[in-house]
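Participant: These are the residues of each chain, in order.
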Amino acid sequence: KAGVTQTPRYLIKTRGQQVTLSCSPISGHRSVSWYQQTPGQGLQFLFEYFSETQRNKGNFPGRFSGRQFSNSRSEMNVSTLELGDSALYLCASSLEGTGGRDTGELFFGEGSRLTVL
Amino acid sequence: AQKITQTQPGMFVQEKEAVTLDCTYDTSDPSYGLFWYKQPSSGEMIFLIYQGSYDQQNATEGRYSLNFQKARKSANLVISASQLGDSAMYFCAMREGPHYGNNRLAFGKGNQVVVIP
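From first to last, the protein sequence lines stand for chains A and B.
Following my numbering, the numbering of the first sequence begins with -6 at its first residue and continues without gaps.
Following my numbering, the numbering of the second sequence begins with 94 at its first residue and continues without gaps.
None of these hints come from the bench; they were simulated from the model.
It is possible that part of the hints are untrue.
To be verified - Capping the alpha-carbon separation at 25 Å, the derived lysine-lysine pairs in DSS-like fashion look like this:
# : chain 1 : residue 1 : chain 2 : residue 2
1 : B       : Lys109    : B       : Lys166
2 : B       : Lys202    : B       : Lys163
3 : A       : Lys50     : B       : Lys96
4 : B       : Lys163    : A       : Lys50
What the hints assert, rightly or not - Which residues of chain B face chain A? A few of them, derived with a C-beta cut under 7 Å, are:
# : residue
5 : Lys96
6 : Asp119
7 : Tyr125
8 : Ser134
9 : Arg197
Claimed, not checked - Here are the computed distance ranges between Cβ atoms for each label pair:
#  : chain 1 : residue 1 : chain 2 : residue 2 : range
10 : A       : Glu75     : B       : Gln150    : 41 to 51 Å
11 : A       : Ser72     : B       : Pro210    : 42 to 52 Å
12 : B       : Asp122    : A       : Thr73     : 30 to 40 Å
Only a predicted model underlies this, so the values are computations on that prediction, with no experimental measurement involved.
Virtual Cβ for every residue (Gly too), placed ideally from N, Cα, C.
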């Protein structure tokens, strides 16, 4: 079973540019969430999408946005990049079951490492 | 206020020995879930173990066990018989509220573990 796939794995941008990151969840998973990881702030929740709707949102400026498509694939976009946006962006997918001991475990991808110069 | 606290400095562990990683959490929600993830240098977050706030027994998954002390709000991870491949950053995380409709995790800063032969 294929895991969570994130593309691109590495990218370099300059200040003021914008970037789009892609995440393909595990087949059958309808929830996709995004996290930003930096040495200073650690792992921070960006937002979550479920069935093409944003369900939860973290405390990030409006420059950070996302969307989810009907096949559950998700993209996040960061506009007007700043140096502080340099980070590892992790995507996670989750299967929400209908019973049993479903922990709502999040399966993470390997991340997209963004460097802003 | 920090939801998850991991304060131990980097740790060196002898191969085949056990190691305990501390995690304390802060929540007023009676329903929550606690997770431990491992992040090797490749960047991927690997799920290790889960403990629900209503679970009566401490969670175990192979060499991983979770020492859940609800009154103290602590959820320490115990890794038995350490292996060289256990060298990684370890993150404690919490989801507040029931997991349906919510995949927002708050992460601690992590513990660095290095296993030495």
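Participant: Looking at the structure, which of the earlier hints fail to hold?
Facilitator: Hints 1, 4, 5, 6, 7, 8 contradicted; others consistent.
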